[in-house]
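Model the placement of chain L on the given structure of chain G, informed by the hints.
Each protein sequence line maps, in turn, to chains G and L. Reading the first sequence from the start, the letters are residues 938 to 1327 in the numbering used here. Reading the second sequence from the start, the letters are residues 938 to 1327 in the numbering used here.
Calculated directly from the structure, the hints in this document are not laboratory data. Just so you know, even glycine gets a beta-carbon here, dropped at the ideal spot from N, CA and C. Careful: at least some of the hints might be erroneous.
[Claimed, not checked] Simulated restraints on C-beta separations:
1. C1304/L <-> D1055/G: 52 to 60 angstroms
2. Q1026/L <-> A1267/G: 54 to 62 angstroms
3. D1310/L <-> Y1183/G: 44 to 52 angstroms
4. P1152/L <-> G1027/G: 43 to 51 angstroms
[Stated by the list, open to error] Okay, derived cross-link-like pairs now, DSS-like style, lysine-lysine, Cα gap no bigger than 30 angstroms in a straight line:
5. K1321/L <-> K1207/L
6. K1269/G <-> K1175/G
7. K1007/L <-> K1307/G
8. K1307/L <-> K1321/G
9. K954/L <-> K1321/G
10. K959/L <-> K1247/G
11. K1307/G <-> K1324/G
12. K1324/G <-> K954/L
13. K959/L <-> K1324/G
14. K1007/L <-> K1007/G
15. K959/G <-> K1307/G
16. K1307/L <-> K1007/G
17. K1269/L <-> K1160/L
18. K954/L <-> K1207/G
19. K1324/L <-> K975/G
20. K1180/L <-> K1307/L
21. K1160/G <-> K1269/L
22. K1307/G <-> K1247/L
23. K1007/L <-> K1324/G
24. K1180/G <-> K1324/G
25. K1160/L <-> K975/L
26. K954/L <-> K1300/G
27. K1269/L <-> K1321/G
28. K1321/G <-> K1207/G
29. K1207/L <-> K1247/L
30. K959/L <-> K1321/G
31. K1321/L <-> K1007/L
2 protein chains.
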Amino acid sequence: MKALLVIGDGMADRPLKELSGKTPLEVAEKSSLDRIAKDGICGILDPISPGVPPGSDTATLALLGYDALKSYRGRGALEALGSSVEILQGDVAFRCNFATVDENLTVIDRRAGRIETDEASKLAEALQNVRLGSGLTAEILFKNTVQHRAILRLRGQALSRMISDSDPGKTRALTTRFHKILKDHPVNRKRAEKGLPPANIILFRGAGTLPEVEPLPDRYGIKATAITAMPLIKGVCKITGMKLMYVKGATGTYDTDVIAKAKAAIEALKSNDLVLLHVKATDVASHDNNIQQKIEMITKINRMVNHIIKNVDLDETIIAITADHTTSTATKEHEGDPVPIAIQGPNIRTDDIEEFNERVCAKGGLCRIKGKDLMPTIMNFIGKTEKFGA
Amino acid sequence: MKALLVIGDGMADRPLKELSGKTPLEVAEKSSLDRIAKDGICGILDPISPGVPPGSDTATLALLGYDALKSYRGRGALEALGSSVEILQGDVAFRCNFATVDENLTVIDRRAGRIETDEASKLAEALQNVRLGSGLTAEILFKNTVQHRAILRLRGQALSRMISDSDPGKTRALTTRFHKILKDHPVNRKRAEKGLPPANIILFRGAGTLPEVEPLPDRYGIKATAITAMPLIKGVCKITGMKLMYVKGATGTYDTDVIAKAKAAIEALKSNDLVLLHVKATDVASHDNNIQQKIEMITKINRMVNHIIKNVDLDETIIAITADHTTSTATKEHEGDPVPIAIQGPNIRTDDIEEFNERVCAKGGLCRIKGKDLMPTIMNFIGKTEKFGA
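In isolation and in its complexed conformation, chain G is listed as follows (with noise of 0.2 angstroms):
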């Protein structure tokens, strides 16, 4: 028995005014999604707890079975995992973007106009070598990695959590380094020459190190895979002992593949126990208050679990459909209402749920759980738990 979990990213809304108070999952076509519903079990889940506003990295450490108020140590060392960029117990990362300051080195371009790849790349080996010094001793490791973001590493003698973005004293004396560094530099004359932002200066933040958790194969004794295009959840899977499987085409937005998203699932279902799939646009478009971008992404990921449904043994593998949080495409935000969660596979038992949303599956027999009690769930229907007690 396999067991296939699909992350709809933000996908959970609020009632929106635009549609008459539905929310985008109550209006979407997704005939698919309500499938898994009619086939299995539905409930609501609070990814943390109720009314707390997850992130990505800690509602997907909770869907992985991890209690991540407890794990959770920031959002950097995630993100520079899922970067590729080296990360081990001890060190400290920072997400970071080239920024634009004036004389002043008041921010006026939290991200230096976009600036593109090539130009941050050759801009980031300027900043190699440099030392913190005063009494600071820490190797430093600065990747640029798309566009205006970058990943700061620093690794010494009981760094820890000293070095952090909530104290941002102790980051001045770097960000006074880089800042003299990138002012003078040939790309950022050719930029000004062009009339574009300089990007002079480096903005440090999201400080974290590596959570301590068991790696799922571990605990578990499985084999796992995520397919996901964002740096930041590839971290968690990485940190959670998961393979990283790169798909051609999953890009993150709009325009993602999500039949090649498809076909890498069902792929890596034939040697994994496990498979994450995680579709990041839905999140994206409620970021950018687009209702109806937000509606096309749910029908986007509905094909792709109608593609999957279509192509693998249903008797031999468990679907479970949710998603990492819910984001209102009203507010922007992230907010702390909980998603809607479907599991179908043989074994489990039914409820008369019909439709994958947040009101109806609110009435589903799994109830109300929370997201670390999910993984446990999906990890007793295929037959990977171990019985606590005689």
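Okay, now just chain L, sitting in the frame of chain G:
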């Protein structure tokens, strides 16, 4: 106001192909259990936590209101306590089997041909006053119970869980000593003459010490009695301060006399605030993969409850019905699915559930609760809880 808690061991199940996707509870004649559901409030209950398959010991601890994840210390001491072996804090006890090994010490029969109790008693006599030696000082008590089953109790300084079944090296010395005594024992010579497998070795498992729990009489100021045929459940009830009631004809097997048990419960309710009435054989049927027998055992439990309903004052008695865990008759294992719960009594908010089974109770007014929340709920109904706060 009194409370009766009826536990059908492993009574909950998963949908079975042979029953057209229904569970034994969904097809069995159980009009009295349905009446409790109809007159009372229903829900589903995770004995330990969603997806976690409980043992009967951890589940019963939970149903009595304890956090088994914190207080459970293994099976051995509970089973010993339930087999009338004195167990003190600090003692380590094992559940043992008389078994048969060949010349290479390879186990060829885990139960020594289910040796008769009389013969096992004679062998057990020969195992008294054995010393551990090699630095380990412990007082040893070995007691056979029924057929091949036995208890080993070690008492000494700082034994704790140093000696455990997961670390066979520690008990190897004792195993060797016992083997030397048993292999040439007259009882085994006679068995060999008759062509029976000699009981020439003792297998140790389920190392355990006593859980530290606040007894129910102290916690709630109640008198409580348990009616069960199983040593393990007797041990759990004893350690929680319940009295045990012996019932002639209560066997823990299919032929158990449920009317005798019902009469005992009615009698016990006269002088107790809480009576636990446990029936084992529903679980046995699942482990035996015997669907028909499970259905018949549910109907026997129904007859037992019917006898009780007709003979107690329902205006003065709360009756709760549940299972300690799900046992799948398909997998023959304890599973982590929740169990149905129904509670009837005066002043209890009712719901519109009219049937006692896994799927329908999920729609009940109790929603989904945890095992450890059941006892406070029951105690509150009979007015035995204290206000927390002012």
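Hints, verified against the model:
no.: 1; hint: C1304/L <-> D1055/G: 52 to 60 angstroms; verdict: holds (56 angstroms)
no.: 2; hint: Q1026/L <-> A1267/G: 54 to 62 angstroms; verdict: holds (59 angstroms)
no.: 3; hint: D1310/L <-> Y1183/G: 44 to 52 angstroms; verdict: holds (46 angstroms)
no.: 4; hint: P1152/L <-> G1027/G: 43 to 51 angstroms; verdict: holds (46 angstroms)
no.: 5; hint: K1321/L <-> K1207/L; verdict: holds (17 angstroms)
no.: 6; hint: K1269/G <-> K1175/G; verdict: holds (28 angstroms)
no.: 7; hint: K1007/L <-> K1307/G; verdict: holds (20 angstroms)
no.: 8; hint: K1307/L <-> K1321/G; verdict: holds (22 angstroms)
no.: 9; hint: K954/L <-> K1321/G; verdict: holds (21 angstroms)
no.: 10; hint: K959/L <-> K1247/G; verdict: holds (26 angstroms)
no.: 11; hint: K1307/G <-> K1324/G; verdict: holds (21 angstroms)
no.: 12; hint: K1324/G <-> K954/L; verdict: holds (24 angstroms)
no.: 13; hint: K959/L <-> K1324/G; verdict: holds (24 angstroms)
no.: 14; hint: K1007/L <-> K1007/G; verdict: holds (17 angstroms)
no.: 15; hint: K959/G <-> K1307/G; verdict: holds (24 angstroms)
no.: 16; hint: K1307/L <-> K1007/G; verdict: holds (21 angstroms)
no.: 17; hint: K1269/L <-> K1160/L; verdict: violated (36 angstroms)
no.: 18; hint: K954/L <-> K1207/G; verdict: holds (25 angstroms)
no.: 19; hint: K1324/L <-> K975/G; verdict: violated (43 angstroms)
no.: 20; hint: K1180/L <-> K1307/L; verdict: holds (25 angstroms)
no.: 21; hint: K1160/G <-> K1269/L; verdict: holds (25 angstroms)
no.: 22; hint: K1307/G <-> K1247/L; verdict: violated (41 angstroms)
no.: 23; hint: K1007/L <-> K1324/G; verdict: holds (16 angstroms)
no.: 24; hint: K1180/G <-> K1324/G; verdict: holds (27 angstroms)
no.: 25; hint: K1160/L <-> K975/L; verdict: holds (29 angstroms)
no.: 26; hint: K954/L <-> K1300/G; verdict: holds (26 angstroms)
no.: 27; hint: K1269/L <-> K1321/G; verdict: holds (14 angstroms)
no.: 28; hint: K1321/G <-> K1207/G; verdict: holds (17 angstroms)
no.: 29; hint: K1207/L <-> K1247/L; verdict: holds (15 angstroms)
no.: 30; hint: K959/L <-> K1321/G; verdict: holds (23 angstroms)
no.: 31; hint: K1321/L <-> K1007/L; verdict: holds (24 angstroms)
The structure fails hints 17, 19, 22 (numbered hints given earlier, in ascending order).
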